[in-house]
Amino acid sequence: MDLNTVVEVCDGRDRVPWRAGDAWLGGGTYLFSEPQPHLRRLRDLSRMGWEPLRRLPDGSLEIAATCTIARLSRYGKELEAVAAPLVEQCCRAFLASFKIWNMATVGGNLCNALPAGPMISLTAALDGRCTLLAQDGSVRSVSVAEFVTGPGTKVLAEGELLRAVTLSPRALGSRTAFRQASLYGLGRSGALVIGAVDPVDASFAVTITAATVRPFRLRFPDVPGPEALRAAIGAAVEDRDWYDDIHGLPAWRRHMAFRLAEEIRAELAGDGGRFASGGAR
Amino acid sequence: MTDEDTGFEIHVNEQRFDTRPRPGQCLRTYLRERGWFGVKKGCDAGDCGACTVHVDGEPVHSCLYPAVRAGGRAVTTVEGLSRDGELHPVQQKFLDAQGFQCGFCTAGFLMTSAALDEDQLADLPRALKGNLCRCTGYRAIEDALRGVKHVEAPDAGAEVGRNLPAPAGPKVVTGTARYTFDIDVPGLLHMKLLRSPHAHARITAIDTTAALRVPGVHAVFTHHDAPDRLYSTARHEHPEEDPDDTRLLDDTVRYVGQRVAAVVADSEAAAEEGCRRIEVVYEVLPAVLDPEEAMRPGAPVVHRKDAGVARIARPMNNVVGEVHGEIGDVAAGFAAADVVYEETFRTQRVQHASLETHGAVAWFEQGDDGEERLTVRSSTQTPFLTRRALCALFGLPEERVRVVAGRVGGGFGGKQEMLVEDIVAFAVLRLRRPVKLEYTRAEQFYGATTRHPFLITVRLGARRDGVLTAMQLRVVSNTGAYGNHGPAVMFHACGESLSVYRCPYKKADGFAVYTHTVPAGAFRGYGLGQVTFAMESALDELARRIGIDPLVLRQKNIIGPDEPMVTPGGEEEDLHIASYGLDQCLDIVRTARAEPAAEAPAGWLVGEGAALAMIATGPPGGHIADARVTLRADGTYDLAVGTAEFGNGTTTVHSQIAAGELRTTSDRITIRQSDTDVVRHDTGAFASTGVVVAGKASLRACQALAASILDFAAGQLGVAPGTCVLTGEAVTAPGGRRLPLKELHAAARAAGRELAADGHFGGTPRSVAFNAQWFRVAVDPGSGEIRILRSVHAADAGKVMNPMQCRGQVEGGVAQALGATLFENVRLDDTGRVTTVAFRQYRLPAYADVPRTEVHFMETADAIGPLGAKSMSESPFNPVAPALANAIRDATGLRFTELPLSRDRIWLALDQRTRTEEPRSGA
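Heads up: the sequence lines are chains A and B, in that order. Mapping of the first sequence onto my numbering: position 11 corresponds to residue 11, and the numbering continues sequentially without gaps. Take any residue in the second sequence, count from 1 to its spot, add 1000: that is its number in my numbering.
Among the hints, erroneous ones may be present.
Said to hold, decoys possible - Far from chain B, by Cβ distances over 12 Å, these chain A residues were calculated:
no.	residue
1	Glu62
2	Glu80
3	Gly173
What the hints assert, rightly or not - Covered stretches of chain B (in silico footprint by chain A; criterion: 3 or more residues with CB under 8 Å from a CB of chain A, positions within the stretch not fixed):
no.	stretch
4	1272 to 1285
5	1781 to 1787
6	1825 to 1836
7	1895 to 1907
Simulated from the structure, these hints should not be mistaken for laboratory data. Quick caveat, the model's predicted, so the values are computed rather than measured. The C-beta atom is built at its ideal place from N, Cα and C for all residues, glycine as well.
Please put together the full structure from these sequences, using the hints given.
So, in structure tokens, the structure goes:
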């Protein structure tokens, strides 16, 4: 929709001081989807020239904040990494269709910080790290799981910019399992759980998103048993952390998160999961 | 370097434009401002896909696309899809399958479909998740994409009963059909409304000074400007059916979202800014949101008005209308029962969600007499009644006001209201400038109307053999802050839901209750669907308690073809069973049920259930339609009808009726419609009357014209009247003599005679239509997910005029009802504010949500309806919710009494049972 209070669009590279009413414009798919009467100026990131997807010398994958979902989806299909299927699984977890993928960005999804943000699920599950650029030029790095602090809230300071998310080669080498639940067919996630087994030390991490107000990433030295997994989730996620909105009752989300986590555990442990992957251990 | 430093250039459908967009402008409005009206606004928030265009070949939602970013790029809209006059293959496919009804979403589906690759075409639920259609239920769209052809070629004189295509089809698929806002009006001003943040408050002061200082603002209207006159937004042939409780702009606000002031400006941006600058002082008053609480003594009073003047039953108790009726002594009936079952059911708020929002554009134009008159172009189902209301409100004679609807982008009852025309007309009368008000999607949720939420207590008594001994209803409907349609919906709710069953004792107590919430209004089914949910659920449960098949119980109690239809108020004297297909409907269900069931996933619970519904083929109290058909100079016909086309397909049926009577092909019939200029009167396209009432007027007009053509031709040919025969293009007489219609027209003209005829129908007597729905479902006890394994719908529509279209109406009704059954829910917070204001918060059925429904038509022919037809627009909706609830009951053993039946609620109920009871053995 038209953002009628916006009086200026400036190039994101312009070093003009940040002021109230400024917003970074990524793909625009969120900003233009709701009234934003507080905004006066959009700082357009479309000419930043950031390479959307880049392999760093250490083998890490750097995903630029401005990388579109469509681009990431295509990249994931060609990526030679054990965890590569997770990329498309998470892209498909978007409520939005492939048309939105042509515009929406990975950074935008993270910065929206919604529980159901599937790029948060993807990058939190693979222990991604966010690179943040502050207005004073300083750079800091936080894990994705720390970046999102609650529904719609994140650690970004005023004017601070998410530059990229980086996934380590070790994380990309993880065996992963993915489960999603929604109240609707192909709908917004009410629970999205991802499991990952580390290729080096076979440690296991389960990441719960969408069901919770923020990502919960729980690590285990190896794939735990059902009881240990349940206990760990129960201890980590407090009652108030189960998200309550129109896309699912908290009790249902909690139930689905436990259920999906157990399915994932079983799948990755190879002890009765539908996709048992024998030989890994 | 900023954008301002560089030139701007964009190519749209190979035309170059260099006007720089406004900084915060989206591509959608940039394109529409350049005249590309094929780009539609359904949601303006990226959810519905109606605005899909291609940018450098990639499909995007243009409402989310920053227009400045389109600089240097090539944009293709639906208008650019065809090349050199040749339709794109996908356009032709949508025509062949008639993959549309109202057509408002069609451009988006075409632009999306045209961009799909093979993999995406193999996975349509995913590929089409970004496109919403409210009319079709998606089967027709799937058929279009699969290359299925449904439309048939014209056949002179044999058009009725064939799959003739909608006349507007070619315009719909090329983006050239003109909906309400698809016009360019020079000098147009834009209106925005300031809305109340309080559920109940008195405006003690309102200061417009700052708003008026906003550059571009022309006027700010408040209650100080508004006439004192009270009226209803509801449109009925008889205005006294609704209470006079609404003022143009009031000094008291009664729901969050009620309009407080209107700002008119050069642009929407300036009008919005004007709204933000208005300073209002509210004295906040206590509010009541729940209808039961509202009826209790001491509850805040919503309308402190004179009962007689305002036509409110009991204002101080917040009861706007009530019904109390009893046939026989119900207590005796219950005493005679072996089994008595009582349960209370609840239905939620549902929004119509027509993809075209409410809105109107109005201006002054010169009438035929040279005098200025007000012309209002509106997204309405009732142009004639809206003109009547505007004339009454502003004291204007009818010849000084014209109301016209373009093609309407969906209605579903929501546009049987005057929600915008009043304030727009007021502004035009004041400013003498053209003014437009176009609702946002969010405004549709908090500033329009909803379906009435109902609380229904059903008490049923039956003997051990399943024969009903007593039926009792207590119904409380929440009509919201205004009583538009409140009493009428409640009366209708207690009508056919009871009268379809034979029972000596019936009782109903109904209350339509004011609360400080967004008003409810007319909605497909008009109250019947809510009570049918309760009644058909209760009958199913009663059968289970007795231990007999629910279908057998219904069979024992439904009325036969010669029995009276008795409500607790008695019989309606103009209502007849002029054709009876209810037994056939039940046969369809029985057959479907007996067929082998599809496999369900392991561990899922499987069940089946059915429900039936009856509906009158028109409203009580008369429904008027006029039609006029004229032979034109080129030998074709002009048919003028009042009824509006909003995807219901009535235009096609009218042309088929005309073609049938005039022994020609429907492509030789041009229809002019939904314009107060074209006929004398038409009550409107509501209450399922587009075919059975307006169609009857068309039929009569065409019969009369055929007779006068033959009579005149006989004179011209010098043969005896009665020996001539009308054919497609000529009148023929014995001996091979032939008088072409063109020559006949010329001869008539020379004789000073116009070959034209009028038809009229007053909407009475009326018949009844029947529907039955059956589902087999599987329920995952681990997640609450419901999978519909099979869906069968039996529809008694009398003679089916156009099977392709009628099937679409049924499928669309089932799909809309599934939304209302499974997840649609307009939610309010505890201050009365609507919290679901976008389609990503208010889920509409998407392609992936809607199973294919097998539609069966019954073999009946109605003695009242035109050529044996009955209505089939509201009724398919009504049996869906109870059929699904009954199937879930069968699968899970749980009776769900409250809609919607979302996965989380289903799971929660199953989980609670396993916690409190012994696990059920078997399923």
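Evaluated hints:
With a least CB separation of 24 Å from chain B, Glu62 (chain A) remains clear of the 12 Å interface cut-off, as annotated. Residue-level check passed: Glu80 (chain A) sits 21 Å from the nearest beta carbon of chain B, beyond 12 Å. Under the 12 Å C-beta cut-off, the non-interface status given to Gly173 (chain A) relative to chain B holds; the minimum distance is some 28 Å. Counting residues of the stretch 1272 to 1285 of chain B whose beta carbon lies closer than 8 Å to any beta carbon of chain A gives 3, which meets the minimum of three for the stated coverage.
With 3 residues carrying a beta carbon less than 8 Å from a beta carbon of chain A, the stretch 1781 to 1787 of chain B meets the three-residue requirement, and the given coverage holds. Only residues whose C-beta sits within less than 8 Å of a C-beta in chain A count toward coverage, and the stretch 1825 to 1836 of chain B has 4 of them, enough to reach three; the restraint holds. Requiring three or more residues with a Cβ within less than 8 Å of a Cβ of chain A, the coverage given for the stretch 1895 to 1907 of chain B holds, as 5 such residues are present.
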